[in-house]
Structures are given as C-alpha cells and as structure tokens.
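Each protein sequence line maps, in turn, to chains A and B. The first sequence lines up with residues 1 to 275 when you count with the numbering used here. The second sequence lines up with residues 276 to 566 when you count with the numbering used here.
Hint data in this document are derived by calculation from the structure and do not stem from the laboratory. It is possible that some hints are incorrect.
[What the hints assert, rightly or not] Label-pair distances were calculated between CB atoms; the ranges are:
1) Gln473(B) to Arg180(A): 56 to 64 Å
2) Thr38(A) to Phe323(B): 58 to 66 Å
3) Ile50(A) to Gln473(B): 46 to 54 Å
4) Arg373(B) to Ala251(A): 36 to 44 Å
5) Pro46(A) to Leu553(B): 47 to 55 Å
Glycine residues also receive a C-beta, built at the ideal position from the N, C-alpha and C atoms.
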Amino acid sequence: MSESSFRKATPGRLVAITVTLLILLSPFLWLLQMSFKTNDQILQFPPPLIFTPTLENYISLWHSAFSASFVNSLLSASLSTALALLFGVPAAYALSRWAGRGKHALSFAILVTRMAPPIAFTIPFFLFYRWIGLLDTITGLVLVYTSFNLPLVIWMMQPFFDTIPVSLEEAALVDGARTRTVFTKIVLPMVTPGIAATAILCFLYAWNDFFFALILTRTNARTAPVAVVNFMNYEGWEWGKIAAGGSLVMAPVLIFSLAVRRYLVSGLTAGAVKG
Amino acid sequence: MERRRFIAFALTPSLIVLFAVAVLPAIYLIVTSLTPFQLTTPGSATDFSDPFRNYALLPGDPRFVNSLAVQAKLSVASVLFQVLLGMLLALLLNVPSRFVEFARTFFLIPMVLPPIVVAVIWKLIYAPDISPLYYAAQALHFTLPALTSSVDFALTAIIIADTWEWLPFTFLMVLAALQTIPDEYSEAALVDGASKLQIFWYVTLPFITPILVISGMFRLIDSVKAFPLIFLLTGGGPGTVTEVTNYYAYLLAFDTNEIGYSSAVTVVMLLLVCGISLGLVWMGRRKEALA
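So that you can see chain B by itself, here it is in the shape it has in the complex (with noise of 0.2 Å):
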C-alpha cells in the first residue's frame, strides 16, 4: 500500500506540470482558433459570434492552401532523399574497424548542431560573394543563379539544407538495424553465387524495410517544424515559393497580428501531426504482432 502511494506521489507532479505546459495551452489555443483575436482590436479576444469563421477561411485561402502543397513538396522531398542517402551511407560505413566506427561519430555532426547554425552555414553556402560553392563554380567558368532568392531554385536550396542536416539520423537508424543481421545469412548467400544486388534486395533489404519506414516517419513528423532554415535562408519567399504552414503560421501571429487565425491554421497543422504520429504508432504495434 506504501508502494503505490509513493508510485502515485512520483507520478502525479509530473501530470501536474504537463497538464498545465501542454494540455492547458492547447485548450487556450483551440479557444483563440474561434476568435477573431487580434492583439490591437480590444475584446476580439472574447468575440465567440462566429466560432468557425476561421475555419470556414482557410480553404478559400490561397496562401493557406499553397503551404501545405510546399509543406508536401519539401517534406516528401527531403524525407526520401534522407532516408536513401542514410541508407547509401550506412551501408558504406557497416564494416567491422576500429577506424570506421571511429568516423562514424563526426559524420553525426549536422544532426546534433543547433538547427540556428545549420541555417547560418547553409546562408554562407548560399551567398554568392563569399561561399565555396560560388568560387567552385567561378572557377571552372559556370554561372550559378542566386539560389535561395530564385523562384525555381529556393526550395531545392532548402531540400538539400534540410538533407544535409537530417541525413545522419536515417544513417544512424537503418545502421544500427544494419548491424542485427547475422553475417551467415549474407555468406550462404554468396556461397550460393548471389551477386551483391542481389543480396542487397533479397537479404538486406527485408531486413530493413521496417527501419527505412520508421526513420521516415520520424522524419515526417519533424519535417513540418523546419523553421531556422526557412526563417534565415529565403523568409518563405521569392513570393511565397517556400511558405510552409508552420512558417506561415508564424507570420500571421506574429507578424501580421492574426493570431485567432493563426491558431486555427495551428490546430489544422496538429491534427495532421497527430494523424501521422497515430499512424506510425500502429505500424509500430503491427511490426510488434509481426516479429
């Protein structure tokens, strides 16, 4: 009886806190999504007359309807690059030497960098009168376009600065899937006169399909939060070629003042979060019923 009062006396500061850091502002901000809340208009904080006017909005919004298809683009852009390069590079680095898992600790460097650094390297890569990049391709007589301020290159710039960064987490998660699987298997496979390709895709493969879905749902998730690098890179511009949702919500509360808005294009954004996060839950108990 002592044993579950204490259980309970660990348990129930923690409930406690959560509550009042998450629960309570997600109530407050579904509350805000049914106003016409502005900070400079007094009592649009209160005014319920029209709860879903916000909601009712958002599909005629052509800015609200051209974030998510950047959102798509750059989130299913990047997650695919992410996990075949992780893929590609794991493979490479499975090997069994001191010196290998050596390297293997600075090849984790993007990933554990603050996201703001990421952004500042990625700006110096981008500018034209001081990056590498620009004297590499002046130096062997190639024009390149300034790709961040360009309409057809602006959100690739950001794809591959968010590849670059993520890169390493896929590469960390299929390599250790990677090294679950005994080298019998492989070796009889050779014996019977399997060419690589075809251990690769018959052997390997099978192996780490759950992974490669997995790290990419993980990355899906996180995909929407990519802020530093579209805040300090383009600004969601040219126009609003690199608009994503999350970036637009932030402009409206905090730029344009639009909070009740803003918290609606939220809520929307957290129902798709939590339906991806459900569904990569389930795969996980599926993979669980599986194994």
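Extracted from the complex, chain A is given alone in its bound form (with noise of 0.2 Å):
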C-alpha cells in the first residue's frame, strides 16, 4: 500500500483546516477590505459587509508623497540586493570550496553578524551618517539594507554551491581551464534558481525593514512602511489610505514569497531581521 491509511483528509479535517485558516487570515482580510472603503464605510455600524469597492483610496495615495516613498523602497531593495549578490555570491562559493580549518566558525561569525538587534547597528550608523551626510539618503539606506543581506546572501547560496560536485569542476581545470572561468561559466549557471531564490529574499528582507529607515531617514529618502506610518501621526486617523498604504507595501511581499516558498525556512533562520 503506497497510500498512507493513517494521515487522511477526511472532510471533517478539510473543514477544520479552511476554519481555522480563515480565523488566521480574518485580520489581514479585514484591512484588505477597508482599503477598498471609503471613510463613511469604514465608520458605519454595523460594518457593510458588501459595498461597492472604490479605488478612492489608491488613487489619493498615487498623487500624494506617498508615491515617492514607494520608489525610495524600490530603489534602496533592488541596490542593496545588487550589491550582496554581487560580494556575497563568490563568497559563498569561496566557503563552499575551502576546505581549511576555520571554516565553520567564520560561517557562524557571518551569520552572527545578522543576529544581533538592529538597534545594535542603528546608533553607530546614526551617529557616522550624520557626520558624513548620508542620514537620509537612499545610498545610505542601501549600505545598511547591504550590511544584513550580505550575511543572508552567503549563507543561502554556500548549500547551493555545495550540491555541484567538485570533479565537475575538476575536469574542466585539467583541460585547462582558468578557476575564474570555471566559476562563471560552469558553476555559476547551475545555482541560478538559488540565486533568484536569494534575490528575492534579500529584496523581502530590505523591503520590509521599519526601524532603519524610521531612524535613518527624514523626508527625502522616507520608505514606503514609514510612510504608511505618518498618515497615522499627521493627517489624523485616515483609515482608508492607511488600508491602502498598508496594501500597496504587502503587495510586493505576497507575491516574491510565494514565488521563494521552499526557501522560506532557510532564508528565516538565518536570523531574521524584523526592527
């Protein structure tokens, strides 16, 4: 029998399964809606469970400063990905092919590196920032989001590395073939799935960072979270654009990490960094 007899989706089981996943998501399903209200909806009791959906909403946000904030996040996520992908890659293929002692404790000290509270990191960039003049900009956002990807990018992609069988390599170097051609046109191709896979998390990671870009930056390079934040503090509790702020900024989210789901773990574990 290849069939398990003992694990079985009986339908009661499919039941309590789509219960609970709605109660689960019900919050996240309630701000979703709301974004789709206008503020005489959102207020009324009891609330309107169908309405018209408006775009109302979206559509203030796209002609306000919230537009903006939405392309410094853009901007700050894909360069710093860039960027640790671009050290963090042959690193990792370093540590993947070194052999020597030592190895496994300078892969925890990489790692160490991200587990640390971002306040650890924030006060001394704070403090240099300020003294260079990089305290609100993108660049100097970019070189924060780079400092926690980096760690993340070499210790996700040293696994990938290490499924490519060396002998391949070897054969290659025997016909003479230069080390840094073998990287690149041999190796590097075959752990492309596990570079995007990477990419994606990366831009997850900056992406979805708060508490650098609360303290790191003012008005010009403000990110798209902060932004959602201020319309609770200034322009007094409008519930509607704070729904579709909050839904433009998971937007992005929702769609790369089902994209990386096998790689969720992985990515997490490698010391999340939520400030």
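Could you fit the two chains together into a complex? Lean on the hints.
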C-alpha cells in the first residue's frame, strides 16, 4: 500500500483546516477590504460586508507623497540586493570550496552579524551618517541594507554550491580552464535558481525594514513602511489611506514570497531581521 | 595554486565589507557605551573619565530592570504559544492532499508580511471605533476594555499580535519535521492497538522534539527585535508595561538623546542574544552527534 492509511484528508479535517485558515487570515482580510471602502463606510456600524468597492484611497495615495516613498523603497531594496549578490555569491562559493580549518567558525561569525538586534547597528550608523552626511539618503539605506543582506546571501548560497560536484570543476581545470572561467561559465549557471530565490529574499528583507528607515531617513529618502505610519501621526486617522498604503506595501511581498516559498525557512533562520 | 588564489579573492571583498559594516559598528558601540555621550553636549563623545559609569548605573535603573522583566514575559509567552500552536497547526495540516498543500501557502502570510503592516493590522483590530473585534463584542452585548491602553491587557495584546505574526514559522518548521516520520511507525502502533494520543506521545513527539526546541530558540533570539508592534500599538506604555529592552534603548538614544547610556543597554542586550545563539549552536552540535 503506497498511500498512507494513517494520515487521511477526511472531510471533517478539511473543514477544520478551512475554518482555521479563515480565522487566522481574518485580521489581514479586514485590512484589505477596508482599503476599498470610503471613510464613511469604514465608520459605519454594523460594518457593511457587501459594498461597492472604490479605488478612491489608492488614487489619492498615487497623487500624494506616498508614491515617492514607494519608489524610494523599490530603489533601496533592489540596489542593496544587487550589491549583496555581487559580494556575497563569490564569497559563498569560496566558503563552499574552502576546506581549510576555521571554515565553520567563519560561517558562524558571518551569521552572528545578522542575529544582533538592529538597534546595535542603528546607533553607530546614525552617528556615522550624521557625521558624513548620509542621513536621509538612499545611499545610506542601501549601505545598511547590504550589511544585513550580505550574510544572508553567503549563508543561503553556500548549500547551492555544495551540491555541485567538485569533480565537474576539476575536469574543466584539467582541460586548462582558469578557475575564474569555471566559476562564471560552469558553476554560476547551475545555481541560477538559488540566486533568484536569494535575491527575492534579500529584496523582501530590505523592503520590509521599518526600523532603519525610521531612524536614518526624514523626508527625501523616506520609505513606504514609514510613510504608512506617517498617515497615522499627521493626517489624522485616515483609515482608508492607511489600509490602502498597507496593502500596497504588502503587495510585492505576497507575490514574491509565493515564488520562494521553498526557501523561506532557510532564509528566515539565517537570523530574521525584523526591526 | 591559481585556484586557492581565486578562492581567497572571492572571499576577501565580503569579509572587508562585513568588517566595515558589522565589526566596526560593534566596536564603535562599545566605545560610545564607555562615554556619557549626548549629541547636545560637546566633548561628551570622547569623555572616558569614568568609562564604566553607564554599566554601573544599569542595575539601579528601574526602567532597565523592568524592561528585562517585560522582555522575559513577552518572549516566554509568545515563544510558548508559537511553538504550541504551530505544532497543533502542523499536525492538522500534515495530510497528503493537493488541497491542503495548496492551503499551506496561505498559512504563511502573516510571517512574510512587512512587520509594520502586521502592526497596522493589529492597530486596526485593537481600535475600538472601527475594529471587527469590538463590533463582534458589541453585537454580543459584551464590553471589551481598550486593550492596548490598559495596564492589565497591553502586554497580552502585544503577545497575541506577535504570536499571530510568527506562528507560521514554527508551523513550517514542525511540518517539515513531521514529514520525515515514516508512516510505518504510527501504523505499526495503530495495529498494536495504540490510541491516537498514545501515538502522538510515544511516536510523533520524540521525533519532533528537537525541531520544537530549535524553532523555539530561533523565535527567542528574534523576539528581542519586536519593535514595530510595540512602536505602533502601545509605544511602550501604558507607563512602562510594554517597554522591552530594545524599545527602551531606542527611546534612550533617539528620544531622550542619551546615546552613551543607550549604547551600554544595547551592549548588554547583545551579550544576552550572543549567549542564546551560542546555546543554539551547542544544541545543534549535540543533535548532530546524536544522529
């Protein structure tokens, strides 16, 4: 018997799963539906569950400073991802192929830099940026995001390189190829899926950051997560805009994380940064 | 020889970058923790006349001591809930079915959402005038207290939100472990007349205990960083009921301008996190040795 007779998808179980899912996701769904309501509908009691959805909130966000902060988020997240990959992918390859002593200690030291609470980095970064004028700049954000994405790249890419047999490279080396050529022409193409997954996770970590952006930016480089919160402080409680802003901030995350679902655990356990 | 040079060449730039963005800031943090540094006081950044003053003040600072207690309560409660509920969820979803496999993805949503969006969602749930929670209570003629501004409930409100956010993580880890258990074991026990509870206790639980411990440790290390929830929901209040060490350090540095003192608080926090991380590695090694 190939199918297990012990674990069965009974109808009762499927119902239980569906109900649990609905309960778990209801806070999230509530925010989503609110983003399509007018402020009057939001304040109505009892809340109308059936209503004509409006794009009003999204349109007013588009015309506000929020769109600039959205672009800031996109820029800082993608640039830091590119930088982290540029430095981290060769380093992960080196660590994978390096058989010397201290390899594990070094890998662990690299990981530790990610486990530290963000506040430990914010104080020095803030003082340093203040001194050299990097506060409230995209460059400043890219630098700090790279600092926590680089260990992630090294940590995540290493297992991908580990799966490539060294004999494959040795064959090419015997044929007279240079190590650099072997790396770029043979090894790299084989780990493309790994690079893609790692890139998405790096992007998400930078995109999700709130803490660094809150402290290191003011207006010019303000990112979307900080902009959402600013709707609460200065423009009163415009729940429609807050809900729409929140939904826009989570949209890329939802799309991307579905794509890298398989790698989520290794990415998260490499010391999640949630500032 | 050429190959070894290439490997060194591939590794060096990253090590230099990591040294610059992680090791140097850590050293600088320790240096500022030895000074009475305030941005508004000239010369305070280089005043090393009484280097251990900040550290000497810590044990007598009621807010610092309180923040450790709050952190302990928040961490222990949310980690316990996350491990327990994550395990239950994993047991529920550990069935071979296309539909369930499809559904699993949606269970991960809270964890991948930007932490500030999670905070906004719970701000909404805890806002009496528009919250579905309060609507439901009202419909049942039941009066809910203002959760986030109540001394008795504020920390619980944070714990609930944090559990919601990170439950998918423990769920994912436990599910992965459950799927490595061969069905033959439970089937054999079933044939021998074991009840479902007995199978769970004697077959399933021993298998997943290591992963329960490890995922709990990961969550414990990360629970120190819970910032957006506290920032948005309670601001550390009412009073200092939800003021964890991380938040206290933030307020010290960026609200009251006590950068030197805040650095000392942060250094102590770093040492605690490093201690827990080392414990995690040690346990991982032990597990490998057993396997």
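Cross-check of the supplied hints:
With their beta carbons about 60 Å apart, Gln473(B) and Arg180(A) fall inside the hinted range of 56 to 64 Å. The beta-carbon spacing between Thr38(A) and Phe323(B), approximately 60 Å, falls within the hinted interval of 58 to 66 Å. With their beta carbons about 49 Å apart, Ile50(A) and Gln473(B) fall inside the hinted range of 46 to 54 Å. Judged by the Cβ atoms, the range 36 to 44 Å given for Arg373(B) and Ala251(A) is violated: they are separated by roughly 27 Å.
Distance hint for Pro46(A) and Leu553(B): a CB-CB separation of about 54 Å, consistent with the stated range 47 to 55 Å.
Taken one by one, the earlier hints fail for this structure only at number 4.
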